[in-house]
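In order, the protein sequence lines correspond to chains D, L and S. Here my numbering = 1-based position in the first sequence + 167. Under my numbering, the second sequence has 132 at position 135, and the numbering climbs by one with no breaks. Here my numbering = 1-based position in the third sequence + 2.
Have a look at the derived ranges for each label pair, beta carbon to beta carbon: (1) L/Trp310 x S/Val245: 37 to 43 Å; (2) S/Ala278 x L/Val420: 46 to 52 Å; (3) S/Glu102 x L/Gln297: 41 to 47 Å.
Simulated from the structure, these hints should not be mistaken for lab results. Being a predicted model, the structure only gives us computed values, none of them experimental. Heads up, the beta-carbon is just placed ideally off N, CA and C, and yes, glycines get one too.
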Amino acid sequence: MTKTASDAKRPGRDTPPIRVLNIIDKAFETFETYVLAYGILIMAVNTIANVFGRNLFNQSLYFTEEVNQFLIVLVTWVGLGYASRKGRHIRMSAIYDQLSDPLKKALMIIMSLGTGAVMFVLAYYSYQYLDGLMGRGTVTPALGVPLWVTYIWVPVGFVITGIQYALTVVRNVRAHEVYISYTEVDAYDESDPTVGSGL
Amino acid sequence: MTTTLVAVMIVLLLLGFPMMIPLIAAAMVGFFFYFSGINPEIMIQQMVGGVKPVALIAVPMFIFAADIVTKGHAADRLLDLVLRFVGHLRGGLAITTAASCTLFGAVSGSTQATVVAIGGPLRPKMLKAGYTDAFTIALTINASDIALLIPPSIGMIIYGVVAGASIGELFIAGIGPGLFILLMFSVYCWIAARFQGVPVEEKATWALRWQAIKRALLPLGFPVIIVGGIYTGIFSPTEAAAISVLYAFLLEVVIFRSVKLSEIPDIAMSTGLITAVVFILVAAGTAFSWTISFAMIPQQILGGIGMDQMAQWEILAIIAVSFFVGCMFVDPIVVILILVPLFKPYVQAAGIDPILVGVIVTLQAAIGSATPPFGCDIFTAIAVFRRPYLDVIKGTPPFIVMLAAVSVLLIVWPELALFLRDVAFGY
Amino acid sequence: ESWKFALEEIDGSVQDAYAEAFKKRIEEKSGGEVTVNIYPYGTLGTSTQLTELAANGAIQFANASPGHLGKLIPEIQVLSIPYLLSQNNECNKQVLGGSEVIYENLDEKFENQGLKLLTMYPEGQMVWTTNKKITSPEDFSNFKIRVMTSPLLVRAYEAFGANPTPMPYSEVYSGLQLGQIDGQVNPIFAIEEMKFYEVQDYMIWAGQQQFTTTVVANYGFYDGLSDEHRQLVDSTVDEMVDVIFKTQDQYNKERLEKIKQTSDIEMIHLNEEQRAVFAERAKQVEKKFVEMTGDSGEKVLNALTQEIKSCEDKMGS
Ligand code: NA
Ligand code: NA
Chain D
168 MTKTASDAKR PGRDTPPIRV LNIIDKAFET FETYVLAYGI LIMAVNTIAN VFGRNLFNQS
228 LYFTEEVNQF LIVLVTWVGL GYASRKGRHI RMSAIYDQLS DPLKKALMII MSLGTGAVMF
288 VLAYYSYQYL DGLMGRGTVT PALGVPLWVT YIWVPVGFVI TGIQYALTVV RNVRAHEVYI
348 SYTEVDAYDE SDPTVGSGL
Chain L
-2 MTTTLVAVMI VLLLLGFPMM IPLIAAAMVG FFFYFSGINP EIMIQQMVGG VKPVALIAVP
58 MFIFAADIVT KGHAADRLLD LVLRFVGHLR GGLAITTAAS CTLFGAVSGS TQATVVAIGG
118 PLRPKMLKAG YTDAFTIALT INASDIALLI PPSIGMIIYG VVAGASIGEL FIAGIGPGLF
178 ILLMFSVYCW IAARFQGVPV EEKATWALRW QAIKRALLPL GFPVIIVGGI YTGIFSPTEA
238 AAISVLYAFL LEVVIFRSVK LSEIPDIAMS TGLITAVVFI LVAAGTAFSW TISFAMIPQQ
298 ILGGIGMDQM AQWEILAIIA VSFFVGCMFV DPIVVILILV PLFKPYVQAA GIDPILVGVI
358 VTLQAAIGSA TPPFGCDIFT AIAVFRRPYL DVIKGTPPFI VMLAAVSVLL IVWPELALFL
418 RDVAFGY
Chain S
3 ESWKFALEEI DGSVQDAYAE AFKKRIEEKS GGEVTVNIYP YGTLGTSTQL TELAANGAIQ
63 FANASPGHLG KLIPEIQVLS IPYLLSQNNE CNKQVLGGSE VIYENLDEKF ENQGLKLLTM
123 YPEGQMVWTT NKKITSPEDF SNFKIRVMTS PLLVRAYEAF GANPTPMPYS EVYSGLQLGQ
183 IDGQVNPIFA IEEMKFYEVQ DYMIWAGQQQ FTTTVVANYG FYDGLSDEHR QLVDSTVDEM
243 VDVIFKTQDQ YNKERLEKIK QTSDIEMIHL NEEQRAVFAE RAKQVEKKFV EMTGDSGEKV
303 LNALTQEIKS CEDKMGS
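The following block holds chain D by itself, in its conformation from the complex:
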């Protein structure tokens, strides 16, 4: 695991509003981890059930495809937020890695501002897109569920991510070290890769 803020320096001296913010943040994190875990689990169960249904009971589950599509959208966009929180988004850091710490920090702030802004713009357009789907009353073919219900996680994910990047800016302005996200110091895992799974 990467070092977290809790290892680096302890809050304790956080002001009450920050503490409330931390609690809300923690609640979101819990929600995100549950969505990721159970999204993947249900995807597995759903797909396996269809294989058994088709082969043992001669009955294909007509909704398997749609449920999986819903889950993959859910996992991707809620995971987008979670990956930002954990600083796990893939970036080409070749140049960045060569810079001195103050420059890194400056670049990290620019990057977070830019990424956050893009996320909010995308959140706006996702909302618009969903609004259009709602207006046209589009439903999914097998289950007949309104399509916007299955896409609601797209704007939610973009907003969560936008907030994460905004928080990263705040953290970098306040803290001494360079932070890749609100809670994670920018450092690669230097533990021995020959032990453990590499995951």
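Since chain D is already given, all that's left is putting chains L and S with the ligands on it; use the hints.
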């Protein structure tokens, strides 16, 4: 417009923005500055559409299965078995990795799933044996890409449909080059093992080997179930991924009791995270390629280079280069859909065998998936192995050179692909 | 002025032939003032996405097949009901090209979706490809047939005695090859394009269905056209009814010839009695359709049946 988009992407990329941003920003530039009156909501439509193809489910499912067995005992038992048989050979472990990637990739049809399923457990072993990390990662991602050439291959199906070529013939024609690449990689593994001074282990006794076989008996059920299930039509390659999750669960949680039931949600969570990190790039790439398509940029670039005057090999070279470049940035399927129709008339006019073109195109798709800046296997390797971008791509140049050499070989010596096809179909 | 026309099918398909002929006419008649750009399948998205693109005005024209359009306008799925259209294709041409029921009844529904229904045309008989000989519903028992994810089609093949299995189009070839499914149903041009005949033993004509597509325009675009341009579009669409009808017939014949030459797949045409058994079972699908679409669906269904019948009577078939 092309210049602006490329400039925006390169600048954002080099500044170290998350990889989704250069792709999305380029799309935004298209919408905000070039497509007047076109609703930018389309970006969202395309992003969501990008992750919806049902076959993509195989990726998280194979990742999940691989996560479970790496946490448990099955992966170790299988690797033990392999080492007892090839540990004393120079480059044995590396060659095994390459062969496993080819096999697993061939069956699963997903290069990304292969990176996780084979690379996850084998990378630590290779590092322990003394291979460099750069070599290990590069070998994994490049050997995984052989998957695209060996049936069943979604890339070839899409090509067959768009080009009007026989999918059965394409499948057979891919096998020769696929195995040839595996052979080249194996030779390179042997050389790398020599130069990296990887020590060979003492040859294991048959008693030890027998013991390893017994321990690996149940884990050996994985390939049996996956291959058997697919080839008897019980499940599709996509569903095979979910079935391997079930088998991994039965082995590790029920039989070996090496993973606790309560650990499963945590493993699923980590799978979900990696899935999201990779899939958001698939989504962003789809929005980007829509922009390129809508603006008809490929037509503009290809128009006016006088392909109707060219010799067969020149046309094939241009095709190879176009697909190679395209697949560096965008998902291979999308590149095939956009570019194949553009080349089709020239291929027909020059009398080139569309099967040969299909193999060359699929090979470029394979190379592109492992080539910077936007190769999806690079993303997967970064997400799974948690190494910086540069570390992941450091070892790839020799592999890209080898694969490019095969492309050239296919152009000058088409029999490499067509021989098996001609035998099988009696041409 | 440049208009964009997106297809659900690839370069060289029936839809492409339509778009190319449409383009040629529009460009000639407008004296080069209007150009038409054609985007074949996959370059701008899936069928569902194309309909959305047409609805929000990113493109002006798109093909939209009833299977997909049915999510927005349930009544259009009437075209998915087996044995509803005529065995006499001339009647199908007349009804699809100019049916008052469909065009007038559904116009407002299309408008609500931001679309204008310009035309409908058949692309050929839907033919079964199978790994065993099917001549009766009994032969279909325990038979996994791939159909599109449409409740109506699923119901239809259940009624035929088969075991309908959804599967993404791109996976059908390997699904057939590996025996995960036993058969599939598509028009001849698709069977040729996707090479399904390479991995199947029989092609079976049961006369149950024409594959139909629609051409839609963005509503605002169509509505806002100058009189001159509207006339240009309307007259071209009218001329195209005959053109595409001949073209699709010729394409399907050519493709069938190609299949015959490159494979020894056995071709079976069910006779009248055999078809009647399946047609009888298709009545259940009509019920399901009315259940799904209510009064307005029933109105469309009845009127369409009526129009086809009176055309058949007139033609003496
Ligand atoms: Na494969
Ligand atoms: Na790529």
